[in-house]
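Chemist: The whole structure should be built from the sequences, with the hints applied where relevant.
Note that the protein sequences, when read in sequence, are chains G and X. So the first sequence is numbered by the working numbering: it starts at 1 and just counts up by one. So the second sequence is numbered by the working numbering: it starts at 1 and just counts up by one.
Remember, identical chains collapse to one label, so a pair may be satisfied in a single copy or spanning two.
Once the Cα atoms are required to be at most 20 angstroms apart in a straight line, the calculated SDA-like pairs of lysine to any residue come out as:
#1 K133 / P104
#2 K63 / E38
#3 K139 / G188
#4 K133 / S101
#5 K85 / I25
#6 K133 / L112
#7 K133 / Q122
#8 K85 / Y73
#9 K133 / A123
#10 K139 / D154
#11 K139 / D176
#12 K85 / G61
#13 K133 / F111
#14 K63 / L140
#15 K139 / P42
#16 K133 / V108
#17 K85 / I3
Think of the hints as simulated: they come from the structure by calculation, not from any bench.
2 protein chains.
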Amino acid sequence: MLILYDNMISGNAYKVRLLLTQLGIAFRTVQKSVTNGETRQPDFLAINPNGRVPAVVFDDGRKLAESNAILLYFAEGTGFLPGDKFARAQVYQWLFFEQYSHEPYVAVARFLRHLPQPLNAQAEARMPELLQKGHAALKLMDNHLAGRQFLVGDAYSIADIALYAYSHVADEGGFDLAPYANLRAWLGRVAAMPGHIPISHKCGG
Amino acid sequence: MLILYDNMISGNAYKVRLLLTQLGIAFRTVQKSVTNGETRQPDFLAINPNGRVPAVVFDDGRKLAESNAILLYFAEGTGFLPGDKFARAQVYQWLFFEQYSHEPYVAVARFLRHLPQPLNAQAEARMPELLQKGHAALKLMDNHLAGRQFLVGDAYSIADIALYAYSHVADEGGFDLAPYANLRAWLGRVAAMPGHIPISHKCGG
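Modeler: This is how it looks when you write it as structure tokens:
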């Protein structure tokens, strides 16, 4: 059975749990702490040399890392990735936007808030920039979602899964989503999709 | 004709110039400064609301941003993207690795060195972390390239283009590539591919 190296705090790992569940693909999870160095131990570096969850291992031993690469792999040929070439490229655009302009701020602010408080001075000094750039990403999404049901082509896709993962828990990082009515309505639509699971839902072993 | 919103310093823009040139796709470029706020002006935000080059505009007005999304769009169905599903997923993995674990350190260190020197205290304070994490990314690539000709499946692909863009000018950011013999040999192989152009080569208008 497919193995997912997973972490219950990680929105990146949640993306994969969510897609696999909605696709009905069986998997078991191996939990890896992201705070105690488990993902930097030799056994895990043999799976992902970059030392990050999520990563998946197939029955034949092949390995794949990077949450959005895993989403693309499993979404191919399904309704979660558009058949139209340009719409597919728009999904790619959102996936790279997520990893470059959204996650490093929205997710990292949340992660710092999950650490024992109060933060050290270095972490605390980062928060204003994280909040400013995270809000820029959320505002961009909110503008785009005006009059749209989903991020690409008005159909639910892995672009929505990738952006939902950390947007819907942005408040845990100190982001107030009240100004973003389009984004909040979209969060509701994503959460109402068939087979949706919450981030804390524990799937598999 | 396809329009590329471009910048001669940007490795992300260079990726697109390189692939389009190697594919023989005609394009013209519009240069946008990344230091004087041009990419944050309304005319450019109408093309890419995220205010970053590269972005392309097709003849019919459709727009696409994010360098690696543009690479994927044009590489589809060509020899620059593997036909095998799992090999393609490995290309995706490298593309996301590049944007999350490589570019934010290797490219940003170089960008800071391109700014008027000496850097302000805030920029200077970032350099040790940029160098440490950038070296981690370069070391990971060097390890992976041991015994390999290219990053995925021993064939030149957009994974190589994406990682070459900032790796081959990493020295401009203060990275000494001397310890990375596999990586240096790979840089030479990429530079020897048919149709290769240097980063400073000016294509189009």
